[in-house]
Amino acid sequence: MILNHTHGDHMANLEEVIMKFHPTVICHSGVAAEIAQVCQDMELTSLYAVDYDGTYYFDGFKLETFHGTHKPQKFTWRQSMAEGDVISGQEKLSRLHTLGGLFNMNFLITQDNGFRIAFIGGLDDGMAQRLRTLRPNIALRNKITNERDVEKVAGDWYEFMEKSQAQMVIPMHFEVWENMEPGFARKTFSRANEMAEEKGLSCRMMSPERTQWYRILMTVEKR
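Position in the sequence shown (first residue = 1) + 18 = the working numbering.
These are calculated hints, taken from the structure and not from any lab test. Please read all numbers here as calculations on a predicted model, not as lab measurements. Hints may be right or wrong, so weigh each one.
Computed beta-carbon distance windows for the label pairs [to be verified]:
id : residue 1 : residue 2 : range
1  : 197       : 93        : 21 to 29 Å
2  : 197       : 75        : 20 to 28 Å
3  : 55        : 173       : 42 to 50 Å
Only pairs whose alpha carbons sit at most 27 Å apart, straight line, appear in this in silico DSSO-like list of lysine-lysine [as the list claims (entries may be wrong)]:
id : residue 1 : residue 2
4  : 38        : 89
5  : 89        : 205
6  : 170       : 80
7  : 92        : 170
8  : 80        : 110
9  : 80        : 92
10 : 89        : 161
11 : 181       : 205
12 : 80        : 181
13 : 92        : 110
14 : 181       : 89
15 : 92        : 161
16 : 181       : 170
17 : 217       : 161
18 : 217       : 170
19 : 80        : 38
20 : 240       : 217
21 : 38        : 92
22 : 170       : 205
23 : 205       : 161
Backbone N, C-alpha and C fix where the C-beta goes; we use that ideal spot for every residue, glycine too.
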């Protein structure tokens, strides 16, 4: 399990998952001790603390980590701790929720077969340009903006697709659009793909649905 950051929506059922599956939990070193205190029944060696700009080797894949910045949060430590974790409602997660705004880790997984999966959360932090050299097969990218103008948002996604040179971009955290305007995300991602086709860009966006499992096949088709 790789924890990009520790806001409540990423942590609410962490202890349940740990006790059921006993995974290795990879997290930034800045939050490792707090996770151990919250999940007191987990084995300490199940925590694998990493830092930015590191390279780590695991069974089946290599992990490269990069600095990330969460989207702007207009509150202080005092204000966040006073409010607590409003997402999960669990008092014990208050500190981890607050730390979630401080530590935001981007990363690249390279499987033993060479397949590359990038994860970019929060702000871009120059990751699109960095990915151009890393050449990921798949880039998981947090929503770029909260705006609701199809052409503008699709243009932002196309720009990321063009800069990153990923084969496929999979968007994350776009529920805010669906809650406010059902169908907006699908229209936006479709428009971004149209832009990519018009410009001769091979990258495409996927429009995932919650609770659905997907098998992604990258093949050569003779026409």
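TODO: Compare the structure with the hints numbered earlier in the document and write down the numbers of the violated ones, lowest to highest.
DONE: Result: hints 2, 4, 6, 8, 9 and 21 break, sorted rising.
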